[in-house]
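Below are the chains, spelled out letter by letter.
2 protein chains.
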Amino acid sequence: MHSSAMKVKTRKLPPCHNSLATALLVDAYQITMAYAYWKNGTHARIAAFDLLFRKNPFNGEFTVFAGLEECLRFISNFRFTGADIAFLRSEPFARTMDPAFFEFLAQLDCSSLKVFAQMEGGVVFPRVPLMRIEGPLLVAQLIETPLLTLVNYASLVATNAARHRLIAGEGATLLEFGLRRAQGADGGVSASRYAYLGGFDGTSNLEAGRQFGIPCKGTHAHSFVQAHIGFEDIADSTLNLPDGGLCPDFIKLVKEQAESLLEVVDMLPGSLRWAETNHSELAAFASYALAFPASFLALVDTYDVLKSGIPNFLAVALALRICGYQPLGIRIDSGDLSYLSLQAREILTTVEAVLGAERAGGFTNLSITASNDINEEVLHSLNQHGHSITAFGIGTHLVTCLRQPALGCVYKLVEIDGAPRIKLSEDVQKITIPGRKEAYRLYLKNGEPVVDVMLRIDEPQPREGERILCRHPFISSKRAYVQPAHVQRLHNLVWDGSTQGVCIGVDLSLMASRLRCMQTINSLRADHLRYINPTPYKVSVSEKLYDFIHKLWLEEAPVGEIV
Amino acid sequence: MHSSAMKVKTRKLPPCHNSLATALLVDAYQITMAYAYWKNGTHARIAAFDLLFRKNPFNGEFTVFAGLEECLRFISNFRFTGADIAFLRSEPFARTMDPAFFEFLAQLDCSSLKVFAQMEGGVVFPRVPLMRIEGPLLVAQLIETPLLTLVNYASLVATNAARHRLIAGEGATLLEFGLRRAQGADGGVSASRYAYLGGFDGTSNLEAGRQFGIPCKGTHAHSFVQAHIGFEDIADSTLNLPDGGLCPDFIKLVKEQAESLLEVVDMLPGSLRWAETNHSELAAFASYALAFPASFLALVDTYDVLKSGIPNFLAVALALRICGYQPLGIRIDSGDLSYLSLQAREILTTVEAVLGAERAGGFTNLSITASNDINEEVLHSLNQHGHSITAFGIGTHLVTCLRQPALGCVYKLVEIDGAPRIKLSEDVQKITIPGRKEAYRLYLKNGEPVVDVMLRIDEPQPREGERILCRHPFISSKRAYVQPAHVQRLHNLVWDGSTQGVCIGVDLSLMASRLRCMQTINSLRADHLRYINPTPYKVSVSEKLYDFIHKLWLEEAPVGEIV
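Heads up: the protein sequence lines correspond to chains A and B, in order. FYI, in numbering that gives the first Met the number 0 the residues of the first sequence are 0 to 562. FYI, in numbering that gives the first Met the number 0 the residues of the second sequence are 0 to 562.
Only chain A is shown next, with the shape it has when bound in the complex (with noise of 0.2 Å):
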């Protein structure tokens, strides 16, 4: 019984991270409908309504839920003021509404309301609710769209960037380098945030990096190569010294190692013979190791990785080092990422074994960072082909999660004054599971999560190491006894409007959300998470919810005629 034994804190969260997540964040429908709920006297009937998803996004077998604390934020600010009152008052649907509606409106907030929730960052599949919402209807309907709109695309990038973890593996660097293409601010600010909770370890977006302590990375573009046109461009050629001392020309430094180069251009691999390269370039390295010599990364794919990007690199690289800076590695935005980052790693390889751990010591383990339309399908390219990269930086086919953009959950009603609502369709997917839930994932002994059972909100929770038939909910063949090692009730009380408090012991900060995205994620069997053809998890519900549910459905579903 832990979610009902959860303490409750009594205390307003900040509001939304985005000023525009006001209480007019909804679709007019819902204002409409409020009116007629007010007009007709069911205003304050009981509802529970269900926020769910039916299907798990990029051809996959799970989804990772996300946007929680954004949502309980909401909910606990949740107000019209006198602006947006005044709004709604000059609207043509207002007026033939009653002025008392509006005195109605501006007393409202979510103090009626309780919220339970999956845990943020956990793993969650198709129809299990991610959130329950109980109260008053009017309420309760009026936040629909807000609370979809915080869910829908926070889950959606989370679980993308949760997959491209999966497919880069745990050892990869991975970036979020998305804003510019993101689907406005917020979009590209929300993409640095839910990426991060999904897996990734940082991104180059400052303002998201303010807002939620995400790692900033970032050097520099091809603009910086251009604006550069040869060594006449740096005023300042001393650099200071990490042990106090000084190195008054790293020009003329650079100049001579990039004149040693050509002496071992013989011992390195294959076909690279550079002899000229561009002296703007090289210029551009120079400069930007003088402004950053402890941190220096270079985008080498300019003019010609190969024959003019890591030679220039490695001629500003070897003079750091004779300051007493370690140099920290390149970056490719183009061209074939596993062949060159193969080539690169080769040569650095190469010029550290030619040259020696006194001049070049490191140089075989330095950072090779690859940009450029990265996605799961490139990832998994490069994994087949084999690539010598350490930190992908993954921009628009990560915040703009290209592959589907979309994450289609839906607030359904299910209950009200305790009675039972089902929402039938054609399309068996989209019928509604009647009544409140409780929802448990049932383990095995080893620990894997088996399958996810929803039970009437009534039966009593299942038992560790007792049998309990999980039944498909529409199929009446697919059912199977379970007996679990462990079992986990999924659904917390994470708002009681009663006490304005969102409950102790649940951590809804970001740090956390990411831990148990990893935690979840790595707890499942290996055959749910894989990019081609992943094994569906079972989602089931009980004996009795089962019941329940065909008995309602054949009370509701007309009869056919065929005449």
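To be clear, the hints were calculated from the coordinates, so they are not data collected in a lab. Some clues are possibly wrong.
When chains are identical, the list treats them as one kind, so a pair holds in a single copy or across two.
[Claimed, not checked] Cross-link-like lysine to any residue pairs, in silico, SDA-like; alpha carbons within 25 Å at most:
| # | residue 1 | residue 2 |
| --- | --- | --- |
| 1 | Lys422 | Asp335 |
| 2 | Lys54 | Asn374 |
| 3 | Lys38 | Gly323 |
| 4 | Lys54 | Leu401 |
| 5 | Lys54 | Glu375 |
| 6 | Lys422 | Gly229 |
| 7 | Lys38 | Pro241 |
Keeping the supplied structure of chain A fixed, place chain B upon it in accordance with the hints.
This is chain B only, laid out in the frame that chain A set:
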């Protein structure tokens, strides 16, 4: 010379609509590059950047430019606050930075910039810059990410909306219903704004309605129907009449009309033979009509459109007529929209014919709104198969731009201290056109635009009636003489930082941009606009610019060597 002759208004624009559009809404590398420029003393060099895209979205041959007003708000208010600076100083990359840099940053604004741009709402084409930013390298580079973020999605959605308008036809009402599936709160609000710009008639999103004055539309959801059990749900059945009278029992009237409909059911078209409709649905419709007697529009597909939704709608609609109100129509959110809308129209027409103008006048022309996963393809298919829909509610496909969720706008350095810069690429499409350029749209006598041509900045403007050779920028054989009847300069000075002002004569309002969008689209030749295999609109360069590009290209590109 209209752009330079334009007067400049000295006023600060209001801040961006989204509070997340701060000076920190940048990729981290903008800051590290800024530092390196500042450190090597090149930060004050005068740079020119082009903001452009390379390929029209959605397999189309045109794009609508949007986001300019928001960019100018950003530029006008661009400043690092004390809190911004404090955050930057706390970042790991700042550890080795000279503190004087942050004092420099704290003083920075866009007063040293000039911005030239095409008009918001105008139709634009690949490679012709949407904006050119001129000014000190450091600050012109710093605003790259926010400008891209504010233009990319805005232009994508506006283009998507314009495409939906083209295929739906001018007579259809188009409503944006996408907030719940949008990529964040801002994704939703921006979508509403730019869908309206692109030719939509309204939105469901009240916050967007408030911010931008867009008409808001909406009725009720399935949950409203489900929330009703029967007539006992309706506390008050009296209805005030438009003439000041009172209907003492509207429900009684509805029941009578439902009975009376059974008498004419044999005269209704095809296989439509209803006997018993869903009573809770009838109660819900009556309840909604009591709340909105003057704007009754019912969602008729909760149970069965033809067997239950439409007869229930008719009962309530006939009762409203008796009370002196005219119903608006129905909404269908599932099923075969072609078939259902045609059947619905036939029923409405027959009912008016059978019951007469007194009881059912105007029913023939009631509105039929369709929603449910509508996109360009569905609209195309509805056109092919026939339908009787008057309004479309379009959500997910419109707001997430599901067919192509990102527009690839880029921001490229083209000149520094008067020296042109070219960015080469293996992919010819990605080669930038160097130097500052003017662009003109050339029109034929019949008013059709025929080609956009870019000239070097110091070339004289093409003259009406004089032949000009327009060349493909990269393919030497593609060239044509054009003798324009009318010449339009495409870039206006929209921001002159020296006076902190926006140009007078540039109407940046949403309504003006919306009108401009419709007008410029309508001026294009139809074959550029068609859904399948549209003809590309020509984008060209002058002879001088052509020679200039190819001279620089040869200078910069290394000669390959095959050994």
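Against the structure, the hints:
no.	hint	verdict
1	Lys422 - Asp335	between (51 Å within a copy, 19 Å between copies)
2	Lys54 - Asn374	both (21 Å within a copy, 20 Å between copies)
3	Lys38 - Gly323	between (77 Å within a copy, 20 Å between copies)
4	Lys54 - Leu401	both (17 Å within a copy, 17 Å between copies)
5	Lys54 - Glu375	both (19 Å within a copy, 24 Å between copies)
6	Lys422 - Gly229	between (70 Å within a copy, 16 Å between copies)
7	Lys38 - Pro241	between (75 Å within a copy, 18 Å between copies)
Violation of the numbered hints given earlier is absent; every hint is satisfied by the structure.
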